[in-house]
Each structure stands twice: as structure tokens, then as C-alpha cells.
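Enquirer: Starting from the known structure of chain B, fit chain E onto it as the hints suggest.
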Amino acid sequence: EADIYQTPRYLVIGTGKKITLECSQTMGHDKMYWYQQDPGMELHLIHYSYGVNSTEKGDLSSESTVSRIRTEHFPLTLESARPSHTSQYLCASSEQQQGPFSYNEQFFGPGTRLTVL
Amino acid sequence: KNQVEQSPQSLIILEGKNCTLQCNYTVSPFSNLRWYKQDTGRGPVSLTIMTFSENTKSNGRYTATLDADTKQSSLHITASQLSDSASYICVVSDRGSTLGRLYFGRGTQLTVWP
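Protein sequence lines correspond, in order, to chains B and E. Sequential numbering from 1 applies to the first sequence in this note's numbering. Sequential numbering from 1 applies to the second sequence in this note's numbering.
Chain B with its partners taken away, still in its complex shape (with noise of 0.2 Å):
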């Protein structure tokens, strides 16, 4: 079944820990993408790629990376946690967009729920 997975759902880690936040889907798509999404505020883009080998900052500066060695895969690393980056970030995939009015629509992952102590 077409699907996009994170992995863990939930981590609880200490300050300085490095940490990798999985990211997978088996839809094909050539787009992935990272938000951080806090409670009751909007969702922000921290991280894209149009395909293998490719990725860019978003609009919200994050202290985490990315790679894309493969389609299917988008891990985001931070090298050592600080309380700072507690917070929930989800992943997200979309096809090629077709021209300027195509949907692009994204397909959310369940997120991951980060807390730093």
C-alpha cells in the first residue's frame, strides 16, 4: 500500500544527543519535504528536495540536516538536541508539479513527536 512513514513516533532524549528522524515513502514521488509544526501554530517549512541527491533550507532556519541518497528516503539529523528543538515534525511528499495550477498535493506522515530535557 502507497504510504509515508516516520520513525520514532515519539522520542524523549537528553541535551547533546544526536538524533535521526526517519522518513520513508512508497509513493514514488520525486518531492519530499520537513516541517515543525509547535502546538496551535501553523506548520513551517524546514527542509525540501525535488529528488535524489538534492535538498534545500525552507522558510524557518533549523540547526537539523537532511539527505536524499534515495527516492523513498528523507532522514533529518540534529547533532546535539537542546531543549529548543522540542517540538513535532512531520514529513511530507508530493509528485512533480505538472504547471502553475496543478495540485502539488503533499501527503502528510504522522510526525514525530520530539521532546529535548
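Rather than coming from a laboratory, the hints here were simulated on the basis of the structure. All clues given are correct.
So these bits of chain B aren't anywhere near chain E, every CB distance computed over 12 Å:
id: 1; residue: 20
id: 2; residue: 85
id: 3; residue: 117
Partial list, derived from the structure: chain E residues whose beta carbon lies under 8 Å from chain B:
id: 4; residue: 41
id: 5; residue: 44
id: 6; residue: 49
id: 7; residue: 104
Don't be surprised by glycine CBs; every beta carbon is placed ideally from N, CA and C.
Expert: What follows is chain E alone, placed relative to chain B:
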């Protein structure tokens, strides 16, 4: 500045009642507008997507309207159910970039009481 504003911020209704959520946007050039439903602790799920030429679109008990002239949209929920309790997010896409950037509202938190 491209923005999406939603109202009300939160809403409580009784099961079986109808409600309407509002969205105003300033995103330009406009491509499409979508409404997402986000359950607590989950990712958003698309309810409807409309381009500038579409005035209304339905998905079961959800009906979205769009007025591209006034840059307003509404989401009407009919005969609410307990499972409708969630955050409803208005999202607008622009056509000014190859990314098809999305602009998110903060959502309306809907609570349906029995």
C-alpha cells in the same frame, strides 16, 4: 507578505450540529486552496482542493467554498460527529515557484461534544 488567517481559533459544538470555519488569505499569485484535517498527534489529511476556477467542492459532510475575488474560503461541516474533533487547517499554494510553496494557517481547533 503571503499570509493565511483562520477564524475562529477554536470552536465547540454539539454532536449533530453544523458549523462553518473561515479562511482569509493574501497569497499571490494564487494556485489552489486546500483544507486539511489534523487529528491530535497525527499528520494533516487533505479534505478538499480547489483552484481559482472552482467555487465549491464537497467531500461527504465537508463542503468548501472559495471566493478568489475576495480571497476568502469557508469549510462547512454538516451533522457533526465526535470524530470530527480535530484541527482544520487552511493551506494556500502559490504558482510563483517550481516548488509550489504552501502557506499554512494556524488552524481552527474544533471540539464536538456528545
